[in-house]
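Trainee: Sequence:
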Amino acid sequence: MAHAIRFKETGGPEVLRREEVVVGDPGPGEVRIRHEAVGLNFADTYFRSGLYPAPLPAGLGVEAAGVVQAVGEGVTHVAEGDRVTYTGSPLGAYSTERVMPAGPLIRLPDGIGFETAASMTMRGLTSAYLLRRIHPLKAGETILLTAAAGGVGLIVCQWAKLLGLTVIGTVSTEEKAELARAHGCDHVIRYQRENVAERVRELTDGVGVPVAFDSIGRSTYAASLASLRRRGLLVCFGTASGPVPPIDAMQLAVNGSLFVTRPALADYIADPAERAALAGELFDHVASGRIAIEINQRYALDDAVRAHRELESGRTTGSSVFVL
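Taken in order, the sequence shown gives residues 1 to 324; the numbers are from the UniProt record's numbering.
Any given hint might turn out to be false.
[What the hints assert, rightly or not] What follows is a list of derived Cβ distance ranges for each label pair:
#	residue 1	residue 2	range
1	Leu56	Pro243	38 to 48 angstroms
2	Ile134	Gly72	44 to 54 angstroms
3	Thr173	Glu14	21 to 31 angstroms
4	Glu14	Gly164	40 to 50 angstroms
5	Gly256	Ser172	48 to 58 angstroms
[Unchecked claim] Computed cross-link-like contacts, SDA-like style, restricted to lysine to any residue with a CA-CA straight-line distance of at most 25 angstroms:
#	residue 1	residue 2
6	Lys161	His285
7	Lys8	Ala70
8	Lys8	Val75
It should be emphasised that the hints constitute simulated quantities derived from the structure, not laboratory data.
Think of the CB as a built atom: it goes at the ideal place given N, C-alpha and C, for glycine as much as any other residue.
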């Protein structure tokens with residue numbers, strides 16, 4: 001039988017349980033997939049904790065890579081035996097096998113392995129839409145990036161250099177600072193020791209940055225906002241420290257007519273053509289070696305509790321993956 005990690009109540013990592021599951025045949029528009037690797041993402045902790053509501057009991061995980069075992073009626077873009085990856089609802093990627101909608105599946109190029117795919121489909125597509133869809137960034141501009149040594153951070157650092165951007169990244173430790181620099185981060189700020197906004201102003205001759213990408217949320221958004229130049233954009237794309245509280249619109253006006261957006265990946269890959277375009281650009285960079293995917297943590301699926309504890313404690317860097 002297949003097995004899966006599920007939870008019956010929200011809470012800490014200890015609510016996660018391994019269960020044996022029966023995987024049936026795919027219905028219309030569905031596939032049965034055998035996973036080879038499963039992605040571990042911070043968003044998984046939001047569902048587990050209840051920050052993102054889900055009907056209970058529930059499976060967990062939105063990202064994995066594997067092989068299509070069977071296809072249901074009406075499925076045409078993938079076939080039995082195809083190597084595929086995916087990110088998106090419904091929950092249930094923390095499993096050895098599953099039946100799921102075929103729509104999110106993306107066929108994998110031969111040059112990209114399952115572990116790489118599972119560790120970077122969500123992070124890579126997030127990096128893609130941040131840099132290629134949110135704002136018309138121009139070569140020579142400078143951006144601010146929180147969590148520069150995280151899974152998204154390391155990809156954004158590398159991709160930003162390909163676009164001719166200067167990256168100011170924030171990190172919590174010297175180890176993470178070295179990792180960010182090694183992946184193209186030009187200036188690193190230890191946010192627990194330095195005033196981020198003041199340091200950004202120093203590095204930009206007092207002007208500030210046109211865009212700040214903030215994945216941490218509650219504890220960092222104010223400094224990110226204060227780092228923007230006139231008419232700059234704050235992109236709040238994560239809430240690792242908690243949700244961003246309400247922002248007073250008048251403060252945006254008096255601090256330089258600033259903009260704020262809270263994007264979600266789902267809205268940038270909902271259209272199959274746009275998803276294919278972003279994935280194609282990502283896969284091309286990775287397969288060519290222009291962007292390296294750092295898998296710094298590998299876990300067995302049964303180690304989901306430990307994996308969540310390490311993720312939430314900030315002890316992980318780069319990408320994490322469950323190897324099946």
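Trainee: For every hint, state whether the structure bears it out.
Mentor: Checked hints:
| no. | hint | result |
| --- | --- | --- |
| 1 | Leu56 with Pro243: 38 to 48 angstroms | 21 angstroms, violated |
| 2 | Ile134 with Gly72: 44 to 54 angstroms | 35 angstroms, violated |
| 3 | Thr173 with Glu14: 21 to 31 angstroms | 27 angstroms, holds |
| 4 | Glu14 with Gly164: 40 to 50 angstroms | 47 angstroms, holds |
| 5 | Gly256 with Ser172: 48 to 58 angstroms | 28 angstroms, violated |
| 6 | Lys161 with His285 | 12 angstroms, holds |
| 7 | Lys8 with Ala70 | 29 angstroms, violated |
| 8 | Lys8 with Val75 | 32 angstroms, violated |
Of the hints listed earlier, those the structure fails to meet are numbers 1, 2, 5, 7, 8, in rising order.
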